[in-house]
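Undergrad: Hints are included, so try docking the two chains, each in its own frame, into the full complex.
Read off the chains here:
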Amino acid sequence: EAEVAQSPRYKITEKSQAVAFWCDPISGHATLYWYRQILGQGPELLVQFQDESVVDDSQLPKDRFSAERLKGVDSTLKIQPAELGDSAMYLCASSHGMNTEAFFGQGTRLTVV
Amino acid sequence: DQQVKQNSPSLSVQEGRISILNCDYTNSMFDYFLWYKKYPAEGPTFLISISSIKDKNEDGRFTVFLNKSAKHLSLHIVPSQPGDSAVYFCAAIVGGSNDMRFGAGTRLTVKP
Numbered sequence: 003e004a005e006v007a008q009s010p011r012y013k014i015t016e017k018s019q020a021v022a023f024w025c026d027p028i029s030g031h032a033t034l035y036w037y038r039q040i041l042g043q044g045p046e047l048l049v050q051f052q053d054e055s056v057v058d059d060s061q062l063p064k065d066r067f068s069a070e071r072l073k074g075v076d077s078t079l080k081i082q083p084a085e086l087g088d089s090a091m092y093l094c095a096s097s098h099g100m101n102t103e104a105f106f107g108q109g110t111r112l113t114v115v
Numbered sequence: 007d008q009q010v011k012q013n014s015p016s017l018s019v020q021e022g023r024i025s026i027l028n029c030d031y032t033n034s035m036f037d038y039f040l041w042y043k044k045y046p047a048e049g050p051t052f053l054i055s056i057s058s059i060k061d062k063n064e065d066g067r068f069t070v071f072l073n074k075s076a077k078h079l080s081l082h083i084v085p086s087q088p089g090d091s092a093v094y095f096c097a098a099i100v101g102g103s104n105d106m107r108f109g110a111g112t113r114l115t116v117k118p
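Chains A and B, in that order, are what the protein sequence lines are.
For what it's worth, this note's numbering labels the leading residue of the first sequence as 3, then goes sequentially.
For what it's worth, this note's numbering labels the leading residue of the second sequence as 7, then goes sequentially.
Simulated from the structure, these hints should not be mistaken for lab results.
Source: prediction; values computed, not measured.
Heads up, the beta-carbon is just placed ideally off N, CA and C, and yes, glycines get one too.
It is possible that some hints are incorrect.
Unchecked claim - Each pair of labels, with its calculated beta carbon distance range:
hint, chain 1, residue 1, chain 2, residue 2, range
1, B, Q9, A, K64, 31 to 41 Å
2, B, G66, A, A22, 39 to 49 Å
3, B, G66, A, A20, 40 to 50 Å
4, B, R113, A, I14, 25 to 35 Å
5, B, G89, A, L41, 19 to 29 Å
6, B, K60, A, A20, 38 to 48 Å
7, A, D53, B, G66, 33 to 43 Å
Said to hold, decoys possible - Footprint (simulated), chain B over chain A, 3 or more residues, beta carbon under 8 Å:
hint, stretch
8, 39–48
9, 51–60
10, 92–100
11, 104–114
The shape of chain B in the complex, shown without the other chains (with noise of 0.2 Å):
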């Protein structure tokens, strides 16, 4: 079962403007959640995470927010770039395991 549900297959934003990734998951025993990137051909890379204490986490262009109650998940960049076209992952653990469950992914392409 897809415990970790990313609904929009795709996103298109303006280079410059806020780009939104959402993400919502299933299993309330999920404590840390992370955001990850992945270019075709390669691995993903860590972008972000947030533990399950807090509500926001800020990374420079990017931000976590997480919304216990409603079970949902949102990266926020702001201002988006062309480079940052790709593909984004949402993925969360299940406390004290290491066990980490992904969604199916978001590709984002940021128009010059």
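Isolated chain A (complex conformation) (with noise of 0.2 Å):
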């Protein structure tokens, strides 16, 4: 069964240092997304991918996040220079057409220290 594959799973960083988190989604859904997750709170959308292109990135902190998808396929999230509020889940997913589920990675764990 097709599976988002999302890495690392887990990762612990000092603040101020630099961190990149990679997603692969399911073959040919061109929709991915980048969420968010604190505990206790639901996944907060930071980016939308449609093919390439950026759809939705007004979550996103700009000043220290960034997104790219540059062939369509696999994204990198990476946030520079890390801070302690930082430290939460971070949810990769994707969907191949409008109004259709979306399918989850496992997301990477981050710890900023």
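TA: Structure, rendered in structure tokens:
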């Protein structure tokens, strides 16, 4: 069964360091999402791609966060510099078309110390 | 702003009984609604969905009801099983955009 792959599963980094997360969506899925989930809260949309184009990044803190999906397939989310408040689960999801369910990866648990 | 709201952070039910999880939304542009289930240290798993043109969708033990006029949907699980214990997220998609927003989640505990 096709899955959304994310790496790493866990990341511990010191504040002010750079950190990057990788996501490989299900093959053929044009829409890719990055969400951040803080413990006790729901996933918060950071950025949404349609193929290689950013559709919505209104919630992305652009002073320190960046995301790219250069060839419209896999994607990278970067934080530089990391802050203590960035500690969270970072979830990647993909979907095939409009008004369909999105499939999530297992997430990357980031701890900033 | 929180466009999708799950006002009950937790729910506890006895095995075999019905679990009812509620969700309210404010954005009238949402036209597709989903429920996800999440275990600790895993990503959310899709459970069931409903289009705004329907008021009910059923899949086995899971039924989702949509009341558009009240901007309210609910997930019914019957009978509830201990394996259903997880956090349940309500999500909604803005029509034509794939913009998907989540509620804060409800932790369901099903007691044997």
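Undergrad: Would you mind marking each hint as holding or not holding in the structure?
TA: Here's how the hints hold up against the structure:
Between B/Q9 and A/K64, the C-beta spacing of about 22 Å breaks the proposed range 31 to 41 Å. B/G66 and A/A22 have their C-beta atoms about 40 Å apart, which keeps the hinted 39 to 49 Å range intact. Checking the proposed 40 to 50 Å range against B/G66 and A/A20 shows it holds: the Cβ atoms sit about 46 Å from each other. Checked against the given bound of 25 to 35 Å, the beta carbons of B/R113 and A/I14, roughly 26 Å apart, stay inside it.
About 23 Å separates the C-beta atoms of B/G89 and A/L41, a value consistent with the hinted range of 19 to 29 Å. At about 46 Å, the CB distance of B/K60 to A/A20 agrees with the hint of 38 to 48 Å. At about 35 Å, the beta-carbon gap between A/D53 and B/G66 stays in the expected band of 33 to 43 Å. Evaluation of the coverage hint for the stretch 39–48 of chain A: fulfilled, as 6 residues show C-beta separations to chain B shorter than 8 Å, against a requirement of three.
Evaluation of the coverage hint for the stretch 51–60 of chain A: fulfilled, as 3 residues show C-beta separations to chain B shorter than 8 Å, against a requirement of three. With a threshold of 8 Å between beta carbons, the proposed coverage of the stretch 92–100 of chain A by chain B holds, since 4 of its residues qualify and at least three are required. Counting residues of the stretch 104–114 of chain A whose CB falls under 8 Å from any CB of chain B gives 7; the rule of at least 3 is met.
Consistency note: the structure conflicts with earlier hint 1 alone.
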